[in-house]
Amino acid sequence: MSWGAHQFEIYAVHAHLPKKMKGRVSFFGIWLGDFTPDFLSKFWVYGITIGGTHYGAKVPQRWHRGWPGMGFTHTVFTGLLIGALLWLWKRNRALTVGYVLGYAAHALTDVNDSVGTMLLFPFSTLNWTVKTWSYAATVQGGKYLDAAAYYSSLGLVMDLFWLAVVLWSWRVLTREYWRTQVVPADAHGWAWLGRYMPERALLALYRATFFYGLCRMLAWSTWSHLVARPVIDGVTHHGYPYDLSWTGPWWIGARSLPHVPVLLVPVGVAVLLAGVYALASRLWEPMGEAERRARGHILGTGTATGTGAGAMADASATDTS
Amino acid sequence: MAGGDDEREPGAAWSRRLSRAETAFWYGLAGVGYVGLATFHKFLLNWVLGPVWLVAVVWCGPALVDRVTHRRPPREASAP
Numbered sequence: 001m002s003w004g005a006h007q008f009e010i011y012a013v014h015a016h017l018p019k020k021m022k023g024r025v026s027f028f029g030i031w032l033g034d035f036t037p038d039f040l041s042k043f044w045v046y047g048i049t050i051g052g053t054h055y056g057a058k059v060p061q062r063w064h065r066g067w068p069g070m071g072f073t074h075t076v077f078t079g080l081l082i083g084a085l086l087w088l089w090k091r092n093r094a095l096t097v098g099y100v101l102g103y104a105a106h107a108l109t110d111v112n113d114s115v116g117t118m119l120l121f122p123f124s125t126l127n128w129t130v131k132t133w134s135y136a137a138t139v140q141g142g143k144y145l146d147a148a149a150y151y152s153s154l155g156l157v158m159d160l161f162w163l164a165v166v167l168w169s170w171r172v173l174t175r176e177y178w179r180t181q182v183v184p185a186d187a188h189g190w191a192w193l194g195r196y197m198p199e200r201a202l203l204a205l206y207r208a209t210f211f212y213g214l215c216r217m218l219a220w221s222t223w224s225h226l227v228a229r230p231v232i233d234g235v236t237h238h239g240y241p242y243d244l245s246w247t248g249p250w251w252i253g254a255r256s257l258p259h260v261p262v263l264l265v266p267v268g269v270a271v272l273l274a275g276v277y278a279l280a281s282r283l284w285e286p287m288g289e290a291e292r293r294a295r296g297h298i299l300g301t302g303t304a305t306g307t308g309a310g311a312m313a314d315a316s317a318t319d320t321s
Numbered sequence: 001m002a003g004g005d006d007e008r009e010p011g012a013a014w015s016r017r018l019s020r021a022e023t024a025f026w027y028g029l030a031g032v033g034y035v036g037l038a039t040f041h042k043f044l045l046n047w048v049l050g051p052v053w054l055v056a057v058v059w060c061g062p063a064l065v066d067r068v069t070h071r072r073p074p075r076e077a078s079a080p
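Top to bottom, those sequences are chains A and B.
Under our numbering, the first residue of the first sequence is numbered 1, with each subsequent residue one higher.
Under our numbering, the first residue of the second sequence is numbered 1, with each subsequent residue one higher.
Please keep in mind that the hints were generated in silico from the structure rather than gathered at the bench.
Any given hint could be a false lead.
[What the hints assert, rightly or not] Cut-off 25 Å, straight-line C-alpha distance, at most; resulting in silico cross-link-like pairs (DSS-like, lysine-lysine):
| # | chain 1 | residue 1 | chain 2 | residue 2 |
| --- | --- | --- | --- | --- |
| 1 | A | Lys58 | B | Lys42 |
| 2 | A | Lys143 | A | Lys131 |
| 3 | A | Lys131 | A | Lys58 |
| 4 | A | Lys58 | A | Lys143 |
| 5 | A | Lys90 | A | Lys20 |
| 6 | A | Lys42 | B | Lys42 |
| 7 | A | Lys143 | A | Lys42 |
| 8 | A | Lys143 | B | Lys42 |
| 9 | A | Lys58 | A | Lys42 |
Chain A extracted, bound-state conformation (with noise of 0.2 Å):
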């Protein structure tokens, strides 16, 4: 599993998104499409401990990312489908092509660990991984081992390099960005949370998730090396061992789940994802359509008024700063 790079990847895919759908986008969308799979899957990964009793998955990453079990919720496929409902449900452009690009990005940026997700669920439930590092979710291990495991492996590096796509686009956290790219795009949320927060707080909210993973980062890192005194064939460690090498780190057994061979991944992520792109590109004029009718807009007349993205958008840039 991946750790901050899954904060990291939000901002990375709001300020590279198509042209035509640029400040169009809702960033809750992609928020919230990118959390989704985690929020449906992960509590039970690490379970809980009451009374002396562990209750949570027998088989971690099985649970997690196979089938029989929660491994649904980390595919393309499941993205679509909440994306479709979504969309059926709010008639939102912004906030249903957000949504889907979110979840993609999750469910495509996990193929890396050595369980990888099941990309092509639901015609296949064999996972798709790389095997870059070790998924370390471990029932005795917990949270703890897991977190040491990541950043002690090229799971760090993940991390590090999407970091450094967001800060590569580092205009995509600045107000103006915020104000210009973000706003009009969730102008209905964003008005409401004004309701009750002045701009420095709402700015702060923006910059929110960034800020986490770049913490968790560093908190989980300097507690693994710095901190931690782990006990690994019998040696005490000042820290948690680094190794860099492909599907490390070596203190720790690399779960896995039957899966497609390795060289096939990077095509089926290419291609998935150029698809994810594509249908949304092709649907995007149309949603458009579509949401503006819903909205009981005159077609035709540049005279929208309504404040979602889909209502704005065509018509001419626009900018509610």
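Fit chain B to the known structure of chain A by using the hints.
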């Protein structure tokens, strides 16, 4: 949106826009404080408390400092 950078409204301390230096200070303080505490108290490391921490520090911190230091809005400060 509430607030903006008008410092002359009542309660402006809660909504005034921060300077770049203030912004860097409060975000930095929030980060150092959160990482420092969370390294030793892991329950703090979750997607609810992390964002709430940042918003609370950036929103409330400057307002509390303004109160303690009796910082006045520009119009009041320049009044005879």
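Against the structure, the hints come out as follows:
At roughly 24 Å between alpha-carbon atoms, Lys58/A and Lys42/B fall within 25 Å of each other, so this suggested pair holds. Only pairs whose Cα atoms come within 25 Å are accepted, and Lys143/A paired with Lys131/A is accepted, the gap being roughly 20 Å. At roughly 22 Å between alpha-carbon atoms, Lys131/A and Lys58/A fall within 25 Å of each other, so this suggested pair holds. Taking the CA atoms of Lys58/A and Lys143/A, the gap is about 15 Å. The hint holds against a cut of 25 Å.
For the suggested pair Lys90/A and Lys20/A, the alpha carbons sit about 21 Å apart, so the restraint of at most 25 Å is met. Under the criterion of a C-alpha separation no larger than 25 Å, the hint pairing Lys42/A with Lys42/B is consistent with the structure, at around 17 Å. Restraint check: the Cα-Cα separation between Lys143/A and Lys42/A comes to about 11 Å, which is no more than 25 Å; the hinted pair holds. With a C-alpha separation of about 10 Å, the suggested pairing of Lys143/A with Lys42/B holds against the 25 Å cut-off.
Straight-line distance between C-alpha atoms of Lys58/A and Lys42/A comes to about 13 Å, which keeps the hinted pair within the 25 Å bound.
Checked against the numbered hints above, the structure violates none of them.
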